[in-house]
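Please construct the entire structure, taking both the sequences and the accompanying hints into account.
2 protein chains.
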Amino acid sequence: MAMPPYRRTATEFLSSGLRVEDYVRSILDRIALRDSAVQAWAFLDPEYVLSEARRLDAIPLEQRGPLHGVPVGVKDIFYTKDMPTQHNSSLYKDHAPGVDAALITLLRSAGALIFGKTTTTEFASVTTGTKTKNPHGPARTPGGSSSGSGAAVADFQCPISLGTQTIGSIIRPASFNGVFGFKPTWGAISREGVKICSLNFDTMGFFARSVADLELLADAAGLEDDERPIAPFTIEGKKFAVCKTHVWSQAGPGTANALNMAVKLLRDQGASVEELELPEEFASVRPSHLQVFECDARSTFMNEYIRAKDQLDPTLVSFVENASKISHRDHLTALDNLAQLRPKMDLIASRFDAIVAPSVVDEAPEGLASTGNAALCGTWTALHVPVVNVPGFVGDHGMPIGLSLVTGRYEDRRLLKVAAAVAVVFEGGGWKSNL
Amino acid sequence: MAMPPYRRTATEFLSSGLRVEDYVRSILDRIALRDSAVQAWAFLDPEYVLSEARRLDAIPLEQRGPLHGVPVGVKDIFYTKDMPTQHNSSLYKDHAPGVDAALITLLRSAGALIFGKTTTTEFASVTTGTKTKNPHGPARTPGGSSSGSGAAVADFQCPISLGTQTIGSIIRPASFNGVFGFKPTWGAISREGVKICSLNFDTMGFFARSVADLELLADAAGLEDDERPIAPFTIEGKKFAVCKTHVWSQAGPGTANALNMAVKLLRDQGASVEELELPEEFASVRPSHLQVFECDARSTFMNEYIRAKDQLDPTLVSFVENASKISHRDHLTALDNLAQLRPKMDLIASRFDAIVAPSVVDEAPEGLASTGNAALCGTWTALHVPVVNVPGFVGDHGMPIGLSLVTGRYEDRRLLKVAAAVAVVFEGGGWKSNL
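Chains as they are written, first to last, in our numbering: chain A, 73 to 507; chain B, 73 to 507.
Honestly, the hints are just simulated from the structure, not real lab data.
Among these hints, one or two may not hold up.
Straight-line alpha carbon distances no greater than 20 Å define the calculated PhoX-like cross-link-like pairs of lysine-lysine that follow [what the hints assert, rightly or not]:
#1 K336(A) - K310(A)
#2 K336(B) - K310(B)
#3 K416(A) - K416(B)
#4 K203(B) - K165(B)
#5 K165(B) - K153(A)
#6 K381(A) - K165(A)
#7 K311(B) - K336(B)
#8 K153(B) - K153(A)
#9 K153(B) - K165(A)
#10 K416(B) - K316(B)
#11 K381(B) - K397(B)
#12 K153(A) - K165(A)
With the C-beta cut set under 10 Å, the calculated list includes, among others, these residues of chain A facing chain B [to be verified]:
#13 G259
#14 D368
#15 R379
No experiment lies behind these values; they were computed from the predicted model shown.
Every residue gets a Cβ at the ideal spot worked out from N, C-alpha and C, and that includes glycine.
Written as structure tokens, this is what we have:
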């Protein structure tokens, strides 16, 4: 039996000759079947989506863009001119400013079909869970803050989706949902039209079910290395590092096991893998990251705090009120510390083809109240380096676990080439989606 | 004869007992008289302004905010929910997304009357002049990119206005128009809802005709030092530095003369003033700043470039196309270099009560085609430190020249205290507005 359209990745759809409307109808049917179990959407208007599909089908072949008709789920902190943007905040209920974020414009220009808005934790800034459930285990969190974007792609409710990461909001849900997540270099994609959480860390990124799809998105977003890699990456003879980071003490057995398997799988393919221990000063990354994050939130959410602090998550209220009493002096020390570590990290990363690191502390935990622990993703966000979560491993309860691949800053395209090859190897990690 | 209402600063208006409508009518009369000569406004609807004034007058005394009824001119790259935001770009003609920038919300919450939109160069990112003329000399530029905000405050067409600075877009027009300009510490005020030019440098700030007004704005924006200075600053016995920066070779006779006079005026009041030569590595600030600016613009304007590059300023097209062929490696070297210089600058600044520096190369040049040279303001923007332009001096053609006061990062409130005292001293510099 032929694969139903909704299961196709963007790349598969684009080469299938399928009409956009047929692809979209199949996806809408899938959503009708699964939405009550997963609840990935903050806004979705099937009639509008179908009208967009028909509009796209009517465009002559020679005028079509490289993402023609590809449905994109959009985290609900990106402005979209044709849909509300509500930030999972009662302060922004039905908020519809009628403007597109820069990345939305780039995707529409490439022919993408902006499909709907996916759930986010409040302002993508807290770990309080959303309505969204993990499609692989409905009693478990899909992670956050890009909860709906991770779950929707995993559950075949859209082939690709947009997320943002300030600590671990792309990589964590990608790992929890068993999909690819890509956080590019900080600043490589414009953040215009996306609600600010922390100016120093917020990074625009993507979810997909294949690295080929991430490459399409990287093209549309204009991501370029200094030298664009052309040849596919082959594992044999290449040099990897495994880096547990200074937050490793928080890792559980699922992630420890995944990392051990990854080393073995890579070595089996003829790669060298050495353990990389970051210099002691990198132990400061986590505390510096959290301090700057809190201080940034102080100015970011003053606006909402003054309008209606009773409608703001207590964590954000405490940030605006500076409950932790972080002085600007400490704030700047942390900010400057991270800045001086970034070129050092690039230099360390340059010794390897890629660094393999934990994405999460373990498989998605039970419960929807919290989106889980982001400690293990934070290092790379703070250091501004690109990361891809590659799925492949499995936890004690059968849930997916991914690992992070990391390179130096602005090696986004090279990282994707490495990820494509590593993804095949990590298929030996034992994870298989039942969806 | 009593001072006509339009000449009052915000602070003077607030203590006057004047109704908002009376203040606003006087200002609108002033604009009717002067608009053809100055052309500071990109959008202004007198009827709407009057209806807002009446709405504010109807608010009971006990519910009024600290900026009750104060008219604010808004640079046309800040979103305002009740007015278009057009960025001086044909791509955004009549663009009206119906949302307020964070700073607009803070000001409205404090009772401010959002008065109209002031002219800006295209996306506040180029030096091509606007329609706006310098009110002190209509054949001369008012500076940019916050052209209208500087000119409107100088010409008594509003008491305060908003600007942004990425290189010299607040301090330059403040100096050219003979008013106070305040660029706070980078990141101290949220940039939510303001068009991005360069994420690493764009800073939200203010124009006013008194430092007392800047203090009101600093309150409304939530600017706080680690220790809020309470007592007024007195000049006697205090320690100033004069810093010409590594860009001094571009300075003209007007600025050289202003700096010499400033030293004498401060010493006459019993302050010590020493010459500060920044360490040699600070010579890299200007080239690093320009490199990061260009590279940032590459991702920032990709959106508009893809939509319609023929409608984009050629400079911005060249940035997106990376005509200068700046590699990411060079981009990161420049970014990291500036980051490591910032704490060093704070340390140097901590040896003085404030640093006195040139604001501009000289008085506003003739012609409206270019908004002038921003080289001398850029050092402080790149280093993220707060700056106040204090007017007081005069150029060879009778145009105003201001000087910059600078402190370390997050000493914004202390800087304003120093500026209040220095402003009185600089009144001995010979500048007198004829408006």
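Hint-by-hint comparison with the structure:
no. : hint              : verdict
1   : K336(A) - K310(A) : holds, 14 Å
2   : K336(B) - K310(B) : holds, 14 Å
3   : K416(A) - K416(B) : holds, 19 Å
4   : K203(B) - K165(B) : holds, 16 Å
5   : K165(B) - K153(A) : holds, 16 Å
6   : K381(A) - K165(A) : holds, 15 Å
7   : K311(B) - K336(B) : holds, 13 Å
8   : K153(B) - K153(A) : holds, 15 Å
9   : K153(B) - K165(A) : holds, 16 Å
10  : K416(B) - K316(B) : holds, 17 Å
11  : K381(B) - K397(B) : holds, 19 Å
12  : K153(A) - K165(A) : holds, 15 Å
13  : G259              : holds, 6 Å
14  : D368              : holds, 7 Å
15  : R379              : holds, 7 Å
Of the numbered hints given earlier, the model fails none.
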